[in-house]
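Student: As a plain string of letters, each chain reads:
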Amino acid sequence: MDAIAALMGGFAVALTPTNLALALAGCLIGTAIGVLPGIGPMNAIALLLPFCFALKLPPESALILLAAVYYGSGYGGRITAILLNMPGEPSAAITTLDGHPLAKQGRAAAALMVTGIGSFVGATLSVVMMTFLAVPLARVAVGFSPADYVALIVFALSLLGAVAPGNAVKAWAAGCFGILLALVGVDSGTGIERLTMGSMEMLGGIDFTVLAIGLFAIGEVLLLLETRMRVAAAALGHGERLTLAELARCIPAMMRATGIGFAIGVLPGAGASVAAALSYSTERHIAERGEHRFGKGDMRGVASPETADNAAQIGNLVPMLSLGIPGSGTTAVLLGALLMYSITPGPLLFAQRPEVAWGLIASMYIGNVMLLVLNIPLVGLFTRLLAVPAWVLYPGVIALSLAGVWAVANSPFDLMLAVGFGVLGYALRKLDVPLVPIILGFVLGRLLEDNFRRAMALSDGDVAALFASIPSLLLWACTAAALAWPMLRRLRA
Amino acid sequence: MAAPLLADRALGAVLVLAGAGVGWHAQSLEVAFAADPIGPKAFPTLVALAMAVCGAVLMVAPATRWEKAERVLPGIAATVAMFVYGLALPEIGFIPATFALCVVIALAFGATPLRAAASGAVTAPALWLLLDRLLDLPLPRGPLGI
Chain D
1 MDAIAALMGG FAVALTPTNL ALALAGCLIG TAIGVLPGIG PMNAIALLLP FCFALKLPPE
61 SALILLAAVY YGSGYGGRIT AILLNMPGEP SAAITTLDGH PLAKQGRAAA ALMVTGIGSF
121 VGATLSVVMM TFLAVPLARV AVGFSPADYV ALIVFALSLL GAVAPGNAVK AWAAGCFGIL
181 LALVGVDSGT GIERLTMGSM EMLGGIDFTV LAIGLFAIGE VLLLLETRMR VAAAALGHGE
241 RLTLAELARC IPAMMRATGI GFAIGVLPGA GASVAAALSY STERHIAERG EHRFGKGDMR
301 GVASPETADN AAQIGNLVPM LSLGIPGSGT TAVLLGALLM YSITPGPLLF AQRPEVAWGL
361 IASMYIGNVM LLVLNIPLVG LFTRLLAVPA WVLYPGVIAL SLAGVWAVAN SPFDLMLAVG
421 FGVLGYALRK LDVPLVPIIL GFVLGRLLED NFRRAMALSD GDVAALFASI PSLLLWACTA
481 AALAWPMLRR LRA
Chain B
494 MAAPLLADRA LGAVLVLAGA GVGWHAQSLE VAFAADPIGP KAFPTLVALA MAVCGAVLMV
554 APATRWEKAE RVLPGIAATV AMFVYGLALP EIGFIPATFA LCVVIALAFG ATPLRAAASG
614 AVTAPALWLL LDRLLDLPLP RGPLGI
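Chains as they are written, first to last, in the working numbering: chain D, 1 to 493; chain B, 494 to 639.
Bear in mind the hints are in silico, worked out from the structure with no lab data behind them. In this text the structure is predicted, and so the values were computed from the model without any measurement. Hints are not guaranteed to be accurate.
[Said to hold, decoys possible] What follows is a list of derived Cβ distance ranges for each label pair:
1. D/L203 - B/L628: 28 to 34 Å
2. B/W517 - D/L203: 17 to 23 Å
3. D/D2 - B/I569: 31 to 37 Å
[To be verified] Straight-line distance between alpha carbons at most 20 Å, and here's what the computed SDA-like set of lysine to any residue pairs gives:
4. D/K296 - D/I286
5. D/K104 - D/M86
6. D/K296 - D/T282
7. D/K430 - B/L566
8. D/K430 - B/K561
9. B/K561 - D/R429
10. D/K104 - D/G297
11. D/K430 - B/A503
12. D/K56 - B/L623
13. D/K430 - B/T557
14. D/K56 - B/L628
15. D/K430 - B/V565
16. B/K561 - D/E226
17. D/K104 - D/R384
18. D/K56 - B/R502
19. D/K430 - B/R564
20. D/K430 - B/E560
21. D/K430 - B/I569
22. B/K561 - B/A503
23. B/K561 - D/L223
24. D/K430 - B/R502
25. D/K430 - B/R558
26. D/K430 - D/E226
27. B/K561 - D/L428
28. D/K296 - D/R249
29. B/K561 - D/L424
30. D/K430 - B/W559
31. D/K56 - B/M552
32. D/K430 - B/M552
33. D/K56 - D/D207
C-beta: ideal position from N, C-alpha, C; glycine also.
With the sequences and hints as input, model every part of the structure.
Tutor: Set out below in structure tokens:
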């Protein structure tokens, strides 16, 4: 049982006072940003990233903090979904279907209780699965050649278009754009300048935080500015509390949701939103055999998507840590954070930097217990956040965003660049172009090129080498399927 | 009838042009010696080509309608304020610049002038205390020393 021994080593890292405090801070921030509509985990992590770096936090501490924000947001999103009928973060959208009817019936407190428990069950069981799965998965990839990696990365990027709800072509175009952004600057192989447009400031490449803060934090606030917000929160309600019988009826739903969520999460490209939707519709199918109130306020209808959401979030971390291929936008930002520390996640991470990999996994066991405590008895505190007016919140978000850019870059040029990316992020949102592929392309772009060039160097320029091994052939076949699937879907419709 | 789908056609055209521009730029990347047989230009060329193909598809089969903004002015004001902030920050110092930025953004979000001023007057010094004093991240100081 190497996994248990390694996990104990991880607990030794996660239980130091600093790391415990950081995990708690991350859980608090995560729940809070989950509650606030318009600020997702990606924005929050992008915002915190420069400070981790400027404060010289060790990589394992930074990752513990940032990851806690990430999985903490999965707990917060449900609060807004149930009380406000709008998702606090995108993957909580499904929770509104049954959550808000429950709140209108005065059962918001019960719905929050059952989703809090569901989030904990989904996340914790997924961390257990991750504990035993991460290293075996990494072992498979240790034998990967550069050509296999090329196939794997192309597959991960093509899958984004296939599973995204919107237009697949736009997702692929966004992925290409992200890769090109990553190439800006001096080419490490030859020292030649690429895509800098003659600008001195661009020589060092585009800073990851500048891109992430611009696209996500600034772009989102610009989008919020164009609509008037008119929402009224439902009260927490003093209706009947959650009964044990109700909870018991939700347990099988939670188990199924954990399985669906984790499996979808491990698959690169498919995120928590897909998992929540699939889990909800599965549960509805099962419930339709008997008595149910789906769509009108069924406890299973909130427990299922919330459990799947949290399970998928943890599942997303598995390919990120084991293969170095993030499965979602937020894990791409986490990967970007590790790259800023010159740590490359992937097959060798568990052997070479066990304190980072296992410290993170151990901290997730602790963090989820913290989140359960924060989200069941203290849920009332977080609902107050919904009363903070926009004109207090968003000026602060923008000021913190720009101060963060200044902290890493110290240059007016990068401030302007971040604002430019903000305007771009706004326009792309209006055009329905997904932003996640841009981030994924950006963090994987150089890795893809390096492996491509290494593969070509090994084969002396023979392109056939890319298709020479069994894993690569399998992955190329999957890529072809991922590229063809959206077209078939369109033809059928 | 074509007008609502214009946005996607324009996006497609921009992608094609950008792909062509990058592809053309990549061809100028000649190096005397490279450790690998394909050098620095093959990869950007391929990616630019893929992006241009996506753009062409969008031009032929546009899908999205551009939803008109309910309000335009606040977004423009906020964008201009952020650009000016980028230029002014090193000159006038963190607290005055951030105060002005927060006031504009608060106004854009519909605050009354008094509330906007209060929002800036709290946010700017609070962030300075947090970042510069507590977390020890040096922020630019203007002529006033703050």
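Student: Each hint needs a verdict: does it hold in this structure or not?
Tutor: Hints, verified against the model:
1. D/L203 - B/L628: 28 to 34 Å: Roughly 29 Å apart at Cβ, these two residues keep to the hinted range, so it holds.
2. B/W517 - D/L203: 17 to 23 Å: Given range 17 to 23 Å: holds, Cβ gap about 21 Å.
3. D/D2 - B/I569: 31 to 37 Å: 58 Å, violated
4. D/K296 - D/I286: 16 Å, holds
5. D/K104 - D/M86: It holds: about 14 Å lies between the C-alpha atoms, which stays within 20 Å.
6. D/K296 - D/T282: With Cα atoms ~17 Å apart, D/K296 and D/T282 stay inside 20 Å; holds.
7. D/K430 - B/L566: Given that 20 Å is the threshold and the Cα spacing comes to 16 Å, the pair holds.
8. D/K430 - B/K561: 9 Å, holds
9. B/K561 - D/R429: 13 Å, holds
10. D/K104 - D/G297: 9 Å, holds
11. D/K430 - B/A503: 13 Å, holds
12. D/K56 - B/L623: OK: D/K56 and B/L623 at ~16 Å, within 20 Å.
13. D/K430 - B/T557: Given that 20 Å is the threshold and the Cα spacing comes to 9 Å, the pair holds.
14. D/K56 - B/L628: 11 Å, holds
15. D/K430 - B/V565: 13 Å, holds
16. B/K561 - D/E226: 9 Å, holds
17. D/K104 - D/R384: 18 Å, holds
18. D/K56 - B/R502: 46 Å, violated
19. D/K430 - B/R564: 14 Å, holds
20. D/K430 - B/E560: 7 Å, holds
21. D/K430 - B/I569: Distance ~15 Å between D/K430 and B/I569 Cα, so the pair holds.
22. B/K561 - B/A503: 16 Å, holds
23. B/K561 - D/L223: 12 Å, holds
24. D/K430 - B/R502: 14 Å, holds
25. D/K430 - B/R558: Within the cut-off at roughly 9 Å; holds.
26. D/K430 - D/E226: 11 Å, holds
27. B/K561 - D/L428: 14 Å, holds
28. D/K296 - D/R249: 17 Å, holds
29. B/K561 - D/L424: 17 Å, holds
30. D/K430 - B/W559: 6 Å, holds
31. D/K56 - B/M552: With a Cα-Cα distance of about 47 Å, the restraint between D/K56 and B/M552 is violated, given a limit of 20 Å.
32. D/K430 - B/M552: Holds. D/K430 to B/M552 sits at ~17 Å (cutoff 20 Å).
33. D/K56 - D/D207: Roughly 17 Å between the alpha carbons, so the hint for D/K56 and D/D207 holds.
In summary, the numbered hints that this structure violates are 3, 18 and 31.
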